[in-house]
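J.: Sequence:
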Amino acid sequence: MTFESPLSAWQYAVEHKGFIQDEAQEHAVWTLHKCHEALHAGTRSVSGVYLWGPVGRGKTWLMDQFYQSLRVPARRQHFHHFMGWVHQRSFQLTGIADPLRTLAKELAAEVRVLCFDELFVNDIGDAIILGRLFQVMFDEGVVVVCTSNLPPDDLYADGFNRDRFTPAIAAIKAHMHVVAVNGAEDHRLHPGAIEQRYFVNDADSKSALSDVFNTLASGETASKEPIAVGHRMLNVLHASDTVLWCRYSDLCEQPFAAMDFIALCDRYRAILLSEVPNLSAQKREGRIARGTEDGAERVVAGDRELPQLSVHDDGVRRFIALVDECYDRKVPLYVEARVPMEALYTEGYLEFPFRRTLSRLQEMQLQRFAEV
1 MTFESPLSAW QYAVEHKGFI QDEAQEHAVW TLHKCHEALH AGTRSVSGVY
51 LWGPVGRGKT WLMDQFYQSL RVPARRQHFH HFMGWVHQRS FQLTGIADPL
101 RTLAKELAAE VRVLCFDELF VNDIGDAIIL GRLFQVMFDE GVVVVCTSNL
151 PPDDLYADGF NRDRFTPAIA AIKAHMHVVA VNGAEDHRLH PGAIEQRYFV
201 NDADSKSALS DVFNTLASGE TASKEPIAVG HRMLNVLHAS DTVLWCRYSD
251 LCEQPFAAMD FIALCDRYRA ILLSEVPNLS AQKREGRIAR GTEDGAERVV
301 AGDRELPQLS VHDDGVRRFI ALVDECYDRK VPLYVEARVP MEALYTEGYL
351 EFPFRRTLSR LQEMQLQRFA EV
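At position 21 of the sequence shown (counting the first as 1) the number is 21 in the working numbering, and the numbers step up by one without a gap.
It should be emphasised that the hints constitute simulated quantities derived from the structure, not laboratory data. Be aware that one or more of the hints could be misleading.
Cβ pair distances, simulated, as ranges [unchecked claim]:
id, residue 1, residue 2, range
1, Met1, Arg269, 17 to 27 Å
2, Ala263, Ser210, 23 to 33 Å
3, Glu26, Pro167, 46 to 56 Å
Small disclaimer: the values here were computed from a predicted structure and weren't measured. Glycine is no exception: its CB is placed at the ideal position from the N, C-alpha and C atoms.
Required output: the full structure, derived from the provided sequences and hints.
T.: So this is what it looks like as structure tokens:
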């Protein structure tokens, strides 16, 4: 069902779909509605909207209703997809005096509104680019509507050379309405029909995912041969035309990039991941998980400070990227782990971003998750 505005979509959901009347959501809805009205009235200067708050408060749903009801040119992307495009296009524009300005002009010629989900900055390369990119996008008239778990002032809070990013914060606060969507309830956890997609299994027991794979891939030819993903080969337990089953070590502990997870979600309608270990571990001097940062701008020596990662965190970052992609694309992810979901990651550098991952894994257990 298509609605004329984010307000009418929210009112329908409250009246007919059992959504809880949430004061924080209502404030966000009215802010989005005013932006929506200004855009369709042809107002020259329109402020965007920055929705922030804990996981599960409905930020993505609200933004999607806004996007789906737009009648002006718009683009909707997950933030890491957007940054992947920015890095790629910036590289193609190498040699131009001001590549980010050129990129912003191209974007403004294509869209009036840019919507992106899950703004989160933890890489100096992204921080440097965004420090100027937000400014030039707003200069060119692009209206930005986004979601984040953090208020603007807390973005890249402990990052090295944070002063390179602060112009982006100033631009966000000057050109976007910042709205806290911080109601008391995690709406993802409201009761609903359950379809188990997370299993706990020790090393000596038969995998529960065997029956899951056979059911999902019924009638399809399956193979154990490695498959090509980007420029690398991925070892699989089984793969059919539409269902992939592999080990955590083969997918998340190998140098695959976020773009590879995008390709997998393009190709498969369900992904099964087994032998996921307890991912918690004490921090140690670490290195960047290169697979998730292939597009980062090269910076001079000394311009990057490595975080104190645990022994598992390279793989955990890829796991977070995989869950984000599956969630965003409505591709069910079936996980078989050594520990219960709540114990999967309880200690480490990535504890904050993993809260979103845990909430998304929990929502994936609802039957309605994969509904279009």
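J.: Taking each numbered hint in turn, which are not upheld by the structure, reported in ascending numerical order?
T.: When the structure is compared with the hints, only number 3 turns out to be violated.
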